[in-house]
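Engineer: Residue numbers (numbering that gives the first Met the number 0), protein chains in the order written: chain A, 0 to 274; chain B, 0 to 183.
Among the clues, some could well be false.
As the list claims (entries may be wrong) - Simulated pairs of lysine-lysine, DSSO-like, Cα-Cα distance not exceeding 30 Å:
hint, chain 1, residue 1, chain 2, residue 2
1, B, 61, A, 49
2, B, 61, A, 82
3, B, 155, A, 216
4, A, 47, B, 98
5, B, 86, A, 130
6, B, 155, A, 82
7, B, 7, B, 78
8, B, 147, A, 82
9, B, 98, A, 239
10, B, 24, A, 216
11, A, 49, B, 24
12, A, 49, B, 20
13, B, 147, A, 216
14, A, 131, B, 20
15, B, 99, A, 131
16, A, 131, B, 7
17, A, 130, B, 24
18, B, 122, A, 216
19, A, 225, B, 24
20, A, 82, B, 24
21, A, 130, B, 20
22, B, 99, A, 47
23, B, 61, A, 225
24, B, 7, A, 82
25, A, 216, B, 61
26, B, 86, B, 61
27, A, 47, B, 20
It should be emphasised that the hints constitute simulated quantities derived from the structure, not laboratory data.
The chain contents come next:
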Amino acid sequence: MSTLLQSKTLGVGLGFREPFRSDIFLNRTEIDFLEITADHYFDANEAKQKELELLNENFELIPHGLDLSLGSAEGIDEEYLEKFAELVEFVQPEWFSDHICFTRAGGTNIGHLAPLPFTREAVAVVAANVKKVQRVIETPLILENITYLVRFPSSEMDEAEFLTRIVSETGCGLLLDVTNLYINSQNFAFDWRRFLDGIPTESVVQVHFVGSHRNGKRLIDAHSDKTEEEIWEVFREVCKRTELKGAVLERDGNFPPFDEIVNELRQARTIMQTN
Amino acid sequence: MGLIEQQKFLAKLYTDDTLRKSFIKDPAFTGSANQLSEIEIRELLSIIETEIECFAESLYFKRLHEVERLLYLTARELKHDFRTHFKVFSNTFIPDQVKKHLQDALEFSEFLESNSEIEPWVKDLAKFERCRLEFHNFERRIVAAQLKYDIRERSKDPLASEPALRRTFAVWLRAGNRTFHFIR
Numbered sequence: 000m001s002t003l004l005q006s007k008t009l010g011v012g013l014g015f016r017e018p019f020r021s022d023i024f025l026n027r028t029e030i031d032f033l034e035i036t037a038d039h040y041f042d043a044n045e046a047k048q049k050e051l052e053l054l055n056e057n058f059e060l061i062p063h064g065l066d067l068s069l070g071s072a073e074g075i076d077e078e079y080l081e082k083f084a085e086l087v088e089f090v091q092p093e094w095f096s097d098h099i100c101f102t103r104a105g106g107t108n109i110g111h112l113a114p115l116p117f118t119r120e121a122v123a124v125v126a127a128n129v130k131k132v133q134r135v136i137e138t139p140l141i142l143e144n145i146t147y148l149v150r151f152p153s154s155e156m157d158e159a160e161f162l163t164r165i166v167s168e169t170g171c172g173l174l175l176d177v178t179n180l181y182i183n184s185q186n187f188a189f190d191w192r193r194f195l196d197g198i199p200t201e202s203v204v205q206v207h208f209v210g211s212h213r214n215g216k217r218l219i220d221a222h223s224d225k226t227e228e229e230i231w232e233v234f235r236e237v238c239k240r241t242e243l244k245g246a247v248l249e250r251d252g253n254f255p256p257f258d259e260i261v262n263e264l265r266q267a268r269t270i271m272q273t274n
Numbered sequence: 000m001g002l003i004e005q006q007k008f009l010a011k012l013y014t015d016d017t018l019r020k021s022f023i024k025d026p027a028f029t030g031s032a033n034q035l036s037e038i039e040i041r042e043l044l045s046i047i048e049t050e051i052e053c054f055a056e057s058l059y060f061k062r063l064h065e066v067e068r069l070l071y072l073t074a075r076e077l078k079h080d081f082r083t084h085f086k087v088f089s090n091t092f093i094p095d096q097v098k099k100h101l102q103d104a105l106e107f108s109e110f111l112e113s114n115s116e117i118e119p120w121v122k123d124l125a126k127f128e129r130c131r132l133e134f135h136n137f138e139r140r141i142v143a144a145q146l147k148y149d150i151r152e153r154s155k156d157p158l159a160s161e162p163a164l165r166r167t168f169a170v171w172l173r174a175g176n177r178t179f180h181f182i183r
């Protein structure tokens, strides 16, 4: 965390998606920084490389990975890590991020973020993998909580304690996805305030926010809806408990007119400044 | 079983319909064949029909939606059959590259092109989309597709009549920063 404490505060940013390409330049004063999906720039073709250069010249960028698979007991994919390191070297960000999960095992790529059992063994696996990443990339890594549909009866602790132990073992900051937290609290009937009581909120460096999406009985993280009041409430509470360095709106689909995006960024900025 | 073995089994369970069905049907046999202890079998059995099945379904729909987006013309023509064919395909292929949705779309297109149940002109549409994706994603200087049907009108308008049997060439070219595409 010591290096992270020296990182500058970035403000309110937007997850870059191709349909936003022209609007982000037309609304530059509303966007403090961009979060880019790291994987989209690995083995980049000429057009993607130029896009990266253009974004890097005009915005502060934070690379966000999808597939480091920090919870893989078989270890990190070295080729993936090398590509991530090259991107971080090029972008020179304040920090970069990935998820507390596993995405591959035994040669099978699951294709999405799969949850870990909340066990001491899983904490040790994440810690070992993070250390390996930290040996290759000096820039601070922050770790994101995921939504989950699977919970393991063999878990030895709750999620808050699991995250706390990981933060303690790795020295990483947290990327707290307030939408994921809200979704999990609704799907599995727990109090998100108690969850916040249980984690070291001073370690939260950045948050993600976007609306949740109802799919039958469950809420899911479709990243396709406007942020609802319940999630703004979680955001407000996090801001009361810690001084965030960044907040990112993570909208992936069902794109509204860009004015709506700008309004959400403004609302986040107001919350960060007044709390 | 340690976490490493558990993750290997879970990764297969999340992505393989057949394995999930066989585990539900005969947990003791499938579990022990995958080195699961009795306790582990009981644990997974207690969540397989609710949580694991639900997660597996979400993974499947995520793949499907990405491939529908990349092969939008083919998806538009096949309608519900697109999903039926993708269900079969998804059990035979799991992408393993960084650009997994692109890999999925390219492989699925080839799967459709070799499928005898698909109308020949729809196969041409799938081929057209595969070539377009290859051109735009792999920095090729030139990509050409020889098609049996003239898909030009139908690709622009889903209400246009079915494409006529007429040999057609679709070509994508790159010269410096500029790209060109024509279909004749």
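Engineer: Compare the structure with each hint and give your call.
Structural biologist: Quick rundown of the hints versus the structure:
no.	hint	result
1	61(B) <-> 49(A)	28 Å, holds
2	61(B) <-> 82(A)	25 Å, holds
3	155(B) <-> 216(A)	39 Å, violated
4	47(A) <-> 98(B)	13 Å, holds
5	86(B) <-> 130(A)	39 Å, violated
6	155(B) <-> 82(A)	39 Å, violated
7	7(B) <-> 78(B)	35 Å, violated
8	147(B) <-> 82(A)	41 Å, violated
9	98(B) <-> 239(A)	39 Å, violated
10	24(B) <-> 216(A)	26 Å, holds
11	49(A) <-> 24(B)	53 Å, violated
12	49(A) <-> 20(B)	47 Å, violated
13	147(B) <-> 216(A)	47 Å, violated
14	131(A) <-> 20(B)	38 Å, violated
15	99(B) <-> 131(A)	25 Å, holds
16	131(A) <-> 7(B)	21 Å, holds
17	130(A) <-> 24(B)	42 Å, violated
18	122(B) <-> 216(A)	38 Å, violated
19	225(A) <-> 24(B)	42 Å, violated
20	82(A) <-> 24(B)	43 Å, violated
21	130(A) <-> 20(B)	38 Å, violated
22	99(B) <-> 47(A)	17 Å, holds
23	61(B) <-> 225(A)	20 Å, holds
24	7(B) <-> 82(A)	24 Å, holds
25	216(A) <-> 61(B)	18 Å, holds
26	86(B) <-> 61(B)	12 Å, holds
27	47(A) <-> 20(B)	42 Å, violated
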